[in-house]
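Novice: Residues per chain, in single letters:
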Amino acid sequence: MNALDDTDPRGELEDAVMLAALAVLPERPAPPDLVQSFRRQLAREHQGGPDVRWWLITGIAALVAIAAGGGWWHERQSRLEDAQQAQHQLASALQSLSTGVRLQAIDAAVRAGRHGDEVERALIAALLNDPNTNVRLAAAEALGRIARPDILRKAVRRALAVENSPFVQVTLLSATGRLPVEERRAAINPLLVRGDIDPLVVREARDRVREPSNGDSR
Amino acid sequence: MAAVWRGDTTALDALFVRHHQRLYSFLARWTGDDAAAEDLVQELFLKLLRLPGGRIKGEVRPWLFLVARNLAIDRYREEHHDGSATIDASIRDESPMPLDQITADELTEHLDEALTALPRMHREVLLLRGVEGLGARDISGVLNCSEGAVRVRLHRATLALRKVWRARHGDER
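Going down the list, the sequences are from chains E and H.
Going by this note's numbering, the first sequence opens with residue 604, and the numbers climb by one from there.
Going by this note's numbering, the second sequence opens with residue 8, and the numbers climb by one from there.
Where hints are given, some of them may not hold.
Part of the chain E face toward chain H, derived, beta carbon under 7 Å [as the list claims (entries may be wrong)]: (1) L622; (2) A624; (3) L628; (4) E630; (5) A633; (6) F641; (7) L645; (8) L706; (9) N737; (10) V765; (11) S768; (12) F770; (13) L803.
Within a straight-line C-alpha distance of at most 16 Å, the following computed EDC-like cross-link-like pairs (lysine to aspartate or glutamate) qualify [stated by the list, open to error]: (14) K54/H with E648/E; (15) K170/H with E615/E; (16) K170/H with E120/H; (17) K757/E with E786/E; (18) K54/H with D15/H; (19) K757/E with D720/E; (20) K757/E with E785/E; (21) K170/H with D112/H; (22) K54/H with D20/H; (23) K170/H with D611/E; (24) K170/H with D618/E; (25) K170/H with E617/E; (26) K54/H with D81/H.
Using C-beta positions, here's what the derived DEER-type ranges look like [what the hints assert, rightly or not]: (27) D112/H with A764/E: 50 to 56 Å; (28) E154/H with S777/E: 18 to 24 Å; (29) V67/H with G798/E: 21 to 27 Å; (30) T16/H with E615/E: 48 to 54 Å; (31) G155/H with V805/E: 17 to 23 Å; (32) E615/E with A9/H: 42 to 48 Å; (33) G14/H with V784/E: 36 to 42 Å.
Treat the hints as calculated values from the structure; they're not laboratory data.
Nothing here was measured: the structure is a model prediction, and the numbers come from that model.
Don't be surprised by glycine CBs; every beta carbon is placed ideally from N, CA and C.
Chain E on its own, in the form it takes in the complex:
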């Protein structure tokens, strides 16, 4: 890295002085209005939350009732229609202009623990196209938890070919844990052939292709 002689006694003394000084280095003071600014942002993020949660919870309740064979929907046909409606509501929420609503929809999809085609498609669209890194991250995590293995493999493969956030990349790599090794390799390979990836992410990817599967395929 450099030609400094690291056995230099004078240098060692200098290092000790500088490291001791680092320990008492004053903080860079945060702007005095930072807390208020954060509180305003927090309030904006949670505007309309309860209303959104109400109908999302309604959708979740429908999916859960169907999973449990809940009798209070009475007719099988009625239950299927309500399940479709709940899926549609979740998928619609994933296209909301509000980042907070999109994130809540992803959270609701995970909590429902069910995957319908429409919800999976909406999550994949969020993963590939959402401009917000947090939404793409949440979509990656959600797909890792609820998507069918073949859907997960295709989604990860497509996303790793284009995703630039190391945070999302690492989450996608983690999501492949429940895939069989060969499918995992196929999903991760598009990232390994890119030349613009953080070395730590590359190392993580190489470790992942060597790991045994840690989950059952659904």
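The hints should help you fit chain H onto chain E, whose structure is shown.
Specialist: Positioned in the frame of chain E, the structure of chain H alone reads:
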């Protein structure tokens, strides 16, 4: 943290009040950009409400630095910052300031400048170890590397800091 992950914004507010100053200071030094640090520290805490719960193993503080660093990396990767630093030749005309002749205030001021001149990979390990006082194990979690790698990086960073210091304030060997 459990309350935060249940969506308790009061708990999140308390967490922000408690930790924002240290995280802001770290991010301001890591990025070299006070405005970016201000945005990132807020984004970090807003992000906590959206993460599925139960993601922390161990203490909260190292994990917060991990999230902070990752957010900063994302931001600066998008803006194509390469994190490299050069020693600014235009400030070499400062009078020599060997460490045995410097006051504590002068040391603090110039040490901050020297940190800023380092590449981020050196700067961040010195910030985490020297300034924030995290141990090698916690730093390995933040930087996603082994404890051995942390020690190597710290050694290299110290040498680099020494080089920057000498280039600015004393003879460079």
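Novice: Please go over all the hints and tell whether each is borne out by the structure.
Specialist: Cross-check of the supplied hints:
no., hint, result
1, L622, "holds (5 Å)"
2, A624, "holds (5 Å)"
3, L628, "holds (5 Å)"
4, E630, "holds (4 Å)"
5, A633, "holds (4 Å)"
6, F641, "holds (5 Å)"
7, L645, "holds (6 Å)"
8, L706, "holds (5 Å)"
9, N737, "holds (6 Å)"
10, V765, "violated (14 Å)"
11, S768, "holds (5 Å)"
12, F770, "holds (5 Å)"
13, L803, "holds (5 Å)"
14, K54/H with E648/E, "holds (11 Å)"
15, K170/H with E615/E, "holds (12 Å)"
16, K170/H with E120/H, "holds (13 Å)"
17, K757/E with E786/E, "holds (9 Å)"
18, K54/H with D15/H, "holds (13 Å)"
19, K757/E with D720/E, "holds (14 Å)"
20, K757/E with E785/E, "holds (13 Å)"
21, K170/H with D112/H, "violated (21 Å)"
22, K54/H with D20/H, "holds (13 Å)"
23, K170/H with D611/E, "holds (12 Å)"
24, K170/H with D618/E, "holds (10 Å)"
25, K170/H with E617/E, "holds (10 Å)"
26, K54/H with D81/H, "holds (14 Å)"
27, D112/H with A764/E: 50 to 56 Å, "holds (53 Å)"
28, E154/H with S777/E: 18 to 24 Å, "holds (22 Å)"
29, V67/H with G798/E: 21 to 27 Å, "violated (36 Å)"
30, T16/H with E615/E: 48 to 54 Å, "holds (50 Å)"
31, G155/H with V805/E: 17 to 23 Å, "holds (19 Å)"
32, E615/E with A9/H: 42 to 48 Å, "holds (46 Å)"
33, G14/H with V784/E: 36 to 42 Å, "holds (38 Å)"
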